[in-house]
Amino acid sequence: MKRSFPTTTFAVLGLMMSVAGTAAADHSERNPNVTEVNPGDTVKVARIPDNIYLRTQDDPDDLIWDRLPVYRTGLTTAPPVHPSVMLRFDPTDMEAKHLYFQVAKSKDRFYIRLRWKDASEDRSTTVDQFRDGVAVQYAIAGPETSYMMGSGPDNPVNIWYWRSDQEQIENLAAGGFGSTTHLPEQTVTGASEYFPEEIAQDSEWHVVMSRLIDEDGEHQVDLSRDTIPVVFALWEGHHNERDGNKKVTHNWIMLDNSDSQ
Amino acid sequence: MTVKRQLSMVLDLNKCIGCQTCTTACKLMWTNRNGREFMYWNNVETQPGKGYPRDYQNMGGGFDEAGALRAGRQPSQEDYGIPWEYNYEEALMTGTDPWLRPNVKPTWGANWDEDQGEGDYPNSYYFYLPRLCNHCANPGCLAACSRNAIYKRQEDGIVLIDQERCRGYRYCVNACPYKKVYFNEQISKSEKCIFCYPRIEKGLPTACAQQCVGRIRWIGYRDDTEGPIHMLVEKYKVALPLHPEWGTQPNVFYVPPLSPPKYGPDGEMLDESRIPLEYLESLFGDGVAAALDTIRTERQAKADGKGSELMDTLIGYNHAEMFKLS
Ligand code: SF4
Ligand code: SF4
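So the protein sequences, as listed, match chains Z and A.
Counting in UniProt numbering, the first sequence runs from 1 upward without gaps.
Counting in UniProt numbering, the second sequence runs from 1 upward without gaps.
Calculated from the structure, these hints are not laboratory results.
The structure displayed is predicted, hence computed values, not measured ones.
Ideal Cβ placement from N, Cα and C applies to all residues, glycine included.
A portion of the hints provided could be inaccurate.
So, partial list: chain Z residues that the calculated Cβ filter (under 7 Å) puts toward chain A [said to hold, decoys possible]:
#1 82
#2 83
#3 84
#4 125
#5 126
#6 127
#7 128
#8 178
#9 242
Construct all of the structure, not just a fragment, from the sequences and the given hints.
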């Protein structure tokens with residue numbers, strides 16, 4: 001069997017990646033409290049003071065999130081790496097999808113909160129419907145790891161995947177394309193909420209994922225490190241997105257996880 | 001895709017009576033539960049007809065002439081038909097409902113257009129086409145899976161989905177032009193005909209073939225030169241793949257149906273068969289005319305008492321000769 005890849009695709013994407021931050025985005029909201037972040041930038045992990053008590057561990061709408069810095073980054077279409085993804089790839093879709101994220105830790109837990117606009121709440125996975133989803137991917141080693149699903153089995157990534165059809169975060173690992181594997185340790189918790197708006201385009205998903213900082217396991221990201229490379233991926237079910245048909249951050253954003261202020 | 005051996009099935013469409021016993025055998029064995037209710041790993045459709053899922057022949061998939069995957073359309077639940085149940089208990093036992101009725105309003109189903117066919121009396125025609133996964137030599141489903149979850153067994157070429165690896169992307173459902181992979185919503189994974197491999201491993205034929213009332217199915221290995229598959233596919237070339245132009249190289253073959261002659265306006269018999277040759281060619285490719293000629297000739301020979309090895313095989317005197325599983 002023959003698998004064909006037009007090589008020009010990658011060139012087009014290269015161009016697209018470089019303009020990702022500034023490309024036409026899905027909305028033009030300007031919020032002075034939001035810091036624009038591009039791949040390669042460093043973002044500080046906020047410290048939740050010890051005297052603050054979270055009523056519900058992963059409440060996606062907890063008050064605490066109004067008090068922590070918000071970052072925004074542009075996600076663009078992932079380069080297709082399989083003929084099935086290629087078949088569904090739209091090279092004209094240059095629009096960057098804005099993802100708002102917040103990162104924080106308490107004494108013993110690491111939190112990440114994600115928020116994005118999505119005009120439709122796609123919660124079901126049926127024969128012809130696809131669900132919404134978001135994933136956070138961490139390099140287990142350093143930023144030399146490929147941000148595209150890791151660089152082979154020796155240099156893997158840890159992925160936290162939230163899917164809208166279940167309130168449960170999948171803890172996964174991958175070492176290259178097509179190798180995504182469910183980890184024996186399902187240690188990540190999370191919760192989500194969809195906020196519908198009068199104007200459908202303004203509706204939002206809010207998702208929180210968290211994990212104990214101290215966890216062992218060969219493929220679980222070490223969250224006690226000072227620097228953690230991270231990227232995001234987003235699937236809109238309404239657009240039949242799944243697998244490699246997704247929007248992603250094109251290269252690592254560095255989380256400064258040190259205790260220095 | 002080369003495998004050590006390839007199991008194969010031949011179905012003689014001249015003998016199929018459309019009784020759906022095969023469908024039922026398969027359903028009871030594999031698909032009447034656990035989210036598979038809408039699936040027919042084996043279905044029998046009336047042709048010409050929309051088939052199952054509805055209009056599957058126009059949904060794309062398979063390969064183009066250059067060998068690249070062709071885009072396909074995802075069937076909807078409605079295209080398969082939403083399975084319904086009857087209120088037997090209430091209507092027939094307790095009498096609490098005066099009507100026997102289905103629990104959903106049926107608008108389409110796997111054999112909704114059964115026995116409709118084409119043409120006007122007295123030249124109307126149809127035939128039955130039982131369909132199952134073709135366990136293709138170049139499976140579209142396998143090529144489309146970005147997870148490498150689909151594989152072909154070395155020992156018999158059966159195409160299976162590794163349920164551990166499947167993440168429910170449905171690329172395979174899309175890519176199979178025969179629409180013989182189904183998405184199970186209950187487990188969020190794809191499932192398909194497994195050629196009854198647990199039976200095959202015990203030396204038994206598939207349930208659909210074992211139960212076939214019309215004795216239209218032969219099973220054997222492609223490389224068994226003494227077996228029925230070789231005789232029907234290679235030696236006499238009377239068994240042809242369905243839609244060879246889709247590029248997946250099926251291992252299920254069909255003996256195309258002969259049909260009575262057409263009637264002219266004054267009731268005279270014309271020198272033209274009721275089922276148009278072009279129609280059969282649109283399904284089974286270029287080999288149809290030659291295959292039908294061979295069958296006609298051999299049938300005549302048998303009728304004339306001259307004996308015919310081909311006819312003796314097609315008659316299917318006993319199961320032991322129809323199923324050669326070693
Ligand atoms: S018929 Fe479809 S499901 Fe079966 S092997 Fe061929 S491509 Fe795959
Ligand atoms: S059991 Fe045999 S004769 Fe009956 S529908 Fe199936 S293939 Fe045809």
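Hints and how they fare:
For residue 82/Z, the shortest C-beta to C-beta distance to chain A is roughly 4 Å, which falls under 7 Å, so the interface hint holds. Residue-level restraint check for residue 83/Z holds (minimum Cβ-Cβ distance to chain A is 5 Å; threshold 7 Å). For residue 84/Z, the interface hint holds, the least distance from its beta-carbon to any beta-carbon of chain A being 4 Å, beneath 7 Å. With 7 Å as the threshold, the beta carbon of residue 125/Z comes within range of chain A, its nearest partner Cβ sitting at about 5 Å, so the hint holds.
Given hint, residue 126/Z at the interface with chain A, holds; its Cβ is 5 Å from that chain's nearest Cβ, closer than 7 Å. A cut of 7 Å between beta carbons decides the hint on residue 127/Z: the least distance to chain A is about 5 Å, and the hint holds. With 7 Å as the threshold, the beta carbon of residue 128/Z comes within range of chain A, its nearest partner Cβ sitting at about 5 Å, so the hint holds. With a cut of 7 Å, the hint placing residue 178/Z at the interface with chain A holds, because the nearest CB-to-CB distance is about 5 Å.
Because the smallest distance between the Cβ of residue 242/Z and any Cβ of chain A comes to about 5 Å, under 7 Å, the interface hint for this residue holds.
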